[in-house]
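Residue numbers (full-length UniProt numbering), protein chains in the order written: chain Y, 1 to 379; chain Z, 1 to 379; chain B, 1 to 379; chain D, 1 to 379.
Mixed in with the good hints there might be a few duds.
For identical chains, the list gives no copy identity; a pair is met inside one copy or between any two copies.
[Claimed, not checked] Within a straight-line C-alpha distance of at most 25 Å, the following computed SDA-like cross-link-like pairs (lysine to any residue) qualify: (1) 2 / 95; (2) 205 / 62; (3) 268 / 3; (4) 51 / 97; (5) 368 / 326; (6) 45 / 254; (7) 45 / 94; (8) 370 / 226; (9) 26 / 219; (10) 222 / 372; (11) 2 / 44; (12) 268 / 371; (13) 205 / 55; (14) 185 / 282; (15) 268 / 345; (16) 63 / 236; (17) 45 / 235; (18) 282 / 331; (19) 63 / 155; (20) 63 / 217; (21) 4 / 235; (22) 2 / 360; (23) 255 / 318; (24) 2 / 61; (25) 26 / 92; (26) 368 / 237; (27) 368 / 350; (28) 26 / 347; (29) 255 / 270; (30) 4 / 371.
Honestly, the hints are just simulated from the structure, not real lab data.
Predicted model only: the values in this text are computed from it and were never measured.
There are 4 protein chains.
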Amino acid sequence: MKRKICVVITARASYSRVKTLLIAIKSHPSLCLQLVITGSCLLEKYGGLTKLVNQDGFDPIIKVSNLLENENPTAAAKTTGLGVIELASVFENVRPDVVVTVADRYETMSAAVAASFMNIPLAHVQGGEVTGNIDEKVRHAVSKLADVHFVATASARNRLIAMGEVPENVWHTGCPSIDLAIQIKNDAAMRFDYESCQSFSSASKYIVVMHHPVTTEHGFTKDQFCSLVNAISALHIPTFWFTPNPDYGAAQILKEIQRYGETSKNLKIHFLRNLNPESFLKLIKHCACLIGNSSTGIREASLLGTPVVNIGSRQQGRERSFNVIDVDFDSNAIIEAVQNQLDHGHYDSSILYGNGDAGNQIADLLAKMKLSVNKQITY
Amino acid sequence: MKRKICVVITARASYSRVKTLLIAIKSHPSLCLQLVITGSCLLEKYGGLTKLVNQDGFDPIIKVSNLLENENPTAAAKTTGLGVIELASVFENVRPDVVVTVADRYETMSAAVAASFMNIPLAHVQGGEVTGNIDEKVRHAVSKLADVHFVATASARNRLIAMGEVPENVWHTGCPSIDLAIQIKNDAAMRFDYESCQSFSSASKYIVVMHHPVTTEHGFTKDQFCSLVNAISALHIPTFWFTPNPDYGAAQILKEIQRYGETSKNLKIHFLRNLNPESFLKLIKHCACLIGNSSTGIREASLLGTPVVNIGSRQQGRERSFNVIDVDFDSNAIIEAVQNQLDHGHYDSSILYGNGDAGNQIADLLAKMKLSVNKQITY
Amino acid sequence: MKRKICVVITARASYSRVKTLLIAIKSHPSLCLQLVITGSCLLEKYGGLTKLVNQDGFDPIIKVSNLLENENPTAAAKTTGLGVIELASVFENVRPDVVVTVADRYETMSAAVAASFMNIPLAHVQGGEVTGNIDEKVRHAVSKLADVHFVATASARNRLIAMGEVPENVWHTGCPSIDLAIQIKNDAAMRFDYESCQSFSSASKYIVVMHHPVTTEHGFTKDQFCSLVNAISALHIPTFWFTPNPDYGAAQILKEIQRYGETSKNLKIHFLRNLNPESFLKLIKHCACLIGNSSTGIREASLLGTPVVNIGSRQQGRERSFNVIDVDFDSNAIIEAVQNQLDHGHYDSSILYGNGDAGNQIADLLAKMKLSVNKQITY
Amino acid sequence: MKRKICVVITARASYSRVKTLLIAIKSHPSLCLQLVITGSCLLEKYGGLTKLVNQDGFDPIIKVSNLLENENPTAAAKTTGLGVIELASVFENVRPDVVVTVADRYETMSAAVAASFMNIPLAHVQGGEVTGNIDEKVRHAVSKLADVHFVATASARNRLIAMGEVPENVWHTGCPSIDLAIQIKNDAAMRFDYESCQSFSSASKYIVVMHHPVTTEHGFTKDQFCSLVNAISALHIPTFWFTPNPDYGAAQILKEIQRYGETSKNLKIHFLRNLNPESFLKLIKHCACLIGNSSTGIREASLLGTPVVNIGSRQQGRERSFNVIDVDFDSNAIIEAVQNQLDHGHYDSSILYGNGDAGNQIADLLAKMKLSVNKQITY
């Protein structure tokens, strides 16, 4: 009897980050994959994931629509509440042996609450890290509901143990997001196909911007965007700019992006919603500098050696490699840091976040580990 | 402008335990109380709290009905999801400055998720303790979502700090449940009025049983009940037996209680649903031994000096005074432990869980403390 | 490509009533059955349907737990709202070609709203009838959301057409509940096995009581019960009494039943929760008189020729055969009516509600009919 | 003791249409207004109503956020289910004597189900009319749940009576939307202030477009938009074009509008999200032709005498005055009809939908009418 492993994906980025894990579960002789897609990634406007997931060979998938219009933080709470209710039904019907939840977006709380309250063993991927934002609270709360942890770094493991998690339930497997990054890194032939980005001319040197709202600093969202866009404008370098995650504050950023698009007529900036995981990593691999507050700068970019300018509090405290320069939301500071990174060029690859085998390791552990829902803090 | 303090009560027992805090908030010159009643305590069959709360002078109260029929653990998850959704609406409409959530029942997660996701400072009462059951997971997860902690014991404070909470946000105030217990303890005149318990004759010596299901040990619920009821029957002492909380497994216990009631015709056992907080404490104060797995045995009973036989894993790890003997669900072991306690008689009072001023201390801190929703693990 | 027919069952009684339809859909070469079980019939305490449905060969079933504790009418609304949300997810995942909803219990509104709002053709069984209670509103509102109607009687068809439904979408197929009743009626060999009712002695003559709360007359629930129980007590005839549906008011009736059971020690009354559909119909077929306000008295009993005393407003206006005497909730009136029915004995069978082929007829129509979600009132 | 009248507003347009009723209730000596704002009108992107409502002197208002991201019809169902749940809580807390629901948008079903299931008398404004779209089903279903009806036209009253509603519960008061329109019509001084529409130059002659998706014809949304935009482009007349309601299909129209805006550079079309009710009516009063499928063309425009070209099935069957020409979604047909209307010029005012006193009449009836939740179809 195969163990049924139910993985709940709540955002496009999370899918990319566990894709190798999904493949490893699907192809494991002792495991059966139950894939649930929920939240923003069901919606076309946020880069609907359904088609991509089917193309990648995952079928069937279970869909749970639960995203409320997100103009205010009430919506985040209600989306999560709705997620708990609906995932409880999914779990009641498909009866997983283990539920896997990924990272620290607020919606991950849905799967964590539903599984733990229903006495289903809960596995958490990417726990034990540190950042700012509501993610910080969510990540550690999910760890406290989880029965087993698959962490990216040695210090993440130490942190979970310090928090009172039982050491034998905390596995340092590396992060599955690195598995894919290593494949892209090692494939000399692969280069990002600029032609696929319509309306943007080919460029030998370009930068990438990924800027998400900090939900706990909502009053500053507009100012933060202005500092950033002023810096990028002043740099006069071809730029791929990804629109934000659908979090509280995203609507404001999108409005500012639109306003900027209409008034500046800056042809050097190309706004993107998303790419498929492989194209995305190729874009990051070859870019001269990645700027913003996405965890991609900390995580995949460290493996790819991409220079990163990380801005503000969102990634504050997250362990990083030498490829990252940290600055505040200040135009001049951003410009200076980017110039420094352009001068430096690419960095050596770091395996801080994994050595490329996380997906397989986690799948093996899911197949073999002892299942339990009873745990107690160690002190 | 008074600070608006929204306290969310999810169970009858929680009300008793924070009653002195509610009074302290209500009468504080800088605070305004917003009282929300939700979960089982809205229902008559679980001892409907509405009337009692109104009698105690709290008015208006906001009611949130969210309890699903609880035959299975799916219901606990859905009740909580519904709670998140509805409390988000309540918070959006009454706009509290602080939300207070109490202890570790699964429904407390509703208030914790809704408040933290909406960037409302969250205060948690009774964090940092250790037990078994799903409560253990819930308690620590809520602590990770909370911005400020009011704890009952010094070791609870140390534990939260070890878990990475910022020390200046962890206040050792004692538990407000002890405030009421001290009033009862000090009032020599007050004695439990047996007459108010119809159909049960007055008794000079009686025992009390409080036995709740352990949701994570569901397969053993019936066996555990049988061990207990056999022991109690064999003791032949007048017994007040409280029916369980409406958790997963309670339906099974209630069925067994009914079956026992019908077949045994044991006139020495009187089954009770609940009492008002003061009568309840008087009953505990004067009883010869409190038996079961309720935290009352650990908490209020330590102050009152009542001998306790604590059974099984539910309170495992919770700090206790010398008034408690721990045994497994084994009839002979239970009988022997009760006999030992009867032989010993009452214990000296312990202030392990507080010195009687917790309600006032917490209200003062709520009025004065710096409010923030940004926190980060300390290591 | 088979048409996918999704039937949503919300109560135990509804299952019995469409069982022949479910069999007909399952065995139809052009149809594929998607069976959803929701509401009270998922819970053991209301006679959990899951086991029975599996025994009957229906597998898989989709389960949707949505029943809130039903002490007040808020619970009925919230249960229905939760049903809409969860059925929307079910429909999104299983993509039915037609959704079938049955009769007029309040929860049927869930399936009707979810399907019609999602542009899925909605078929309604048992529309066009008239009663009292909230059922009256629900039934006609569901008809207004439905695209096709399968009705039990000629006057139900006329009524729907008078209400503005397009005549060619209103099919007079008879009621599938009669299909099963005819099988029982024609099987001379089958007799209710009294032995299976433990603690009740065999009886040559017995009556059956089915009494449900009238949710819109809540203030009178206790009085109504008293009138009824007094009459039944006075009759001194062995009685099978079915406990009520889990509607608003049921808790009160259950409390009165328990009180009566404890105080009266009336050994002639045996309280039952439910039987399987076939045993139930055998019990009704052979009973001397069926008393109460259940539609069974109007519907199946007319085919079986069972004498019926129908009480109060709940079935007011529903078309009936000559086997029914109507009275108010008045003890003397009830006694007199029962005596008259006992004197009269069994009636001739009536085919007012169908001739036994409804299940097959409806399945054929579901396979062949033109599907559309556009309709307009005819005047 | 004043009767508490709870009015539930689910969309910006509904607010305009019952504004005079809200004023009448608020100022009525025997009534107390409880105003609930829910659905799209809470969101800024759909023209957030909160500020406007407060400016109009309504305070406090109760807010219920329930709008899911609306890319698919699943969202409409879930939004409605969430509305039922949350409105049930609101009604439980504010205990209205009557709930008033308006018109036929899908979300009105929320208030109708919650109120009727909770035994609260339900009043429906604008029932008995005929259209296409899901509105047609919703409107009649709500009528079947409602206890009292305030209708706009004599034939709407006749239709409800034909549907089996009790005649004395169906009041022909006219539509409160006409009350405001008459005020605007009679005020010679008031003229729409073009200056307030930034980026659009003053114009002596202009047309207005209001085009909403037909949720039941989703496959044709893009084609319908193209027919319409081609016709409007060809007309070369200054145009105010209102963006659609947030229904299923709106996202597609918004995308087409954006694409058109970017590619056509047509400076004659000004896209608007919304205006306050008075400015909106002034805009309609003075426009040369109103084009699209909004009920404004049928309702307010008939009173204002504005020439209307109504397109497609959305208003099919709704009673109309002589100011309306109906055409299909065909560019040439639209152009020809608009030309005919421009040639004709303004029409005489019609009082088909009311004589300007509906708000007061309805408030008086709400104060005096007998309250009941028991009704039965009349045949």
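Going down the list of hints, with the structure as the test:
1. 2 / 95: within (12 Å within a copy, 28 Å between copies)
2. 205 / 62: For residue 205 and residue 62, the Cα distance exceeds 25 Å both inside one copy (41 Å) and across copies (54 Å).
3. 268 / 3: Close neither inside one copy (51 Å) nor across copies (50 Å); limit 25 Å.
4. 51 / 97: between (27 Å within a copy, 22 Å between copies)
5. 368 / 326: neither (41 Å within a copy, 35 Å between copies)
6. 45 / 254: both (12 Å within a copy, 12 Å between copies)
7. 45 / 94: between (29 Å within a copy, 24 Å between copies)
8. 370 / 226: neither (51 Å within a copy, 30 Å between copies)
9. 26 / 219: neither (44 Å within a copy, 32 Å between copies)
10. 222 / 372: between (46 Å within a copy, 21 Å between copies)
11. 2 / 44: For residue 2 and residue 44, the Cα distance exceeds 25 Å both inside one copy (34 Å) and across copies (30 Å).
12. 268 / 371: neither (53 Å within a copy, 43 Å between copies)
13. 205 / 55: Neither, since 31 Å and 53 Å both go past 25 Å.
14. 185 / 282: within (8 Å within a copy, 63 Å between copies)
15. 268 / 345: within (21 Å within a copy, 50 Å between copies)
16. 63 / 236: Classified as neither: same-chain Cα gap 43 Å, cross-chain 46 Å, threshold 25 Å.
17. 45 / 235: This pair counts as neither: shortest intra-copy Cα distance 29 Å, inter-copy 33 Å.
18. 282 / 331: neither (28 Å within a copy, 46 Å between copies)
19. 63 / 155: neither (35 Å within a copy, 43 Å between copies)
20. 63 / 217: Close across copies (24 Å), not inside one copy (32 Å); limit 25 Å.
21. 4 / 235: neither (51 Å within a copy, 48 Å between copies)
22. 2 / 360: Within one copy, since 16 Å is at most 25 Å while 40 Å is not.
23. 255 / 318: Intra 29 Å, inter 38 Å, cutoff 25 Å: neither.
24. 2 / 61: Both, since 18 Å and 21 Å are each at most 25 Å.
25. 26 / 92: Both: 21 Å inside a copy, 24 Å across copies.
26. 368 / 237: neither (50 Å within a copy, 51 Å between copies)
27. 368 / 350: Classified as neither: same-chain Cα gap 30 Å, cross-chain 47 Å, threshold 25 Å.
28. 26 / 347: neither (35 Å within a copy, 60 Å between copies)
29. 255 / 270: Both: 16 Å inside a copy, 18 Å across copies.
30. 4 / 371: within (12 Å within a copy, 38 Å between copies)
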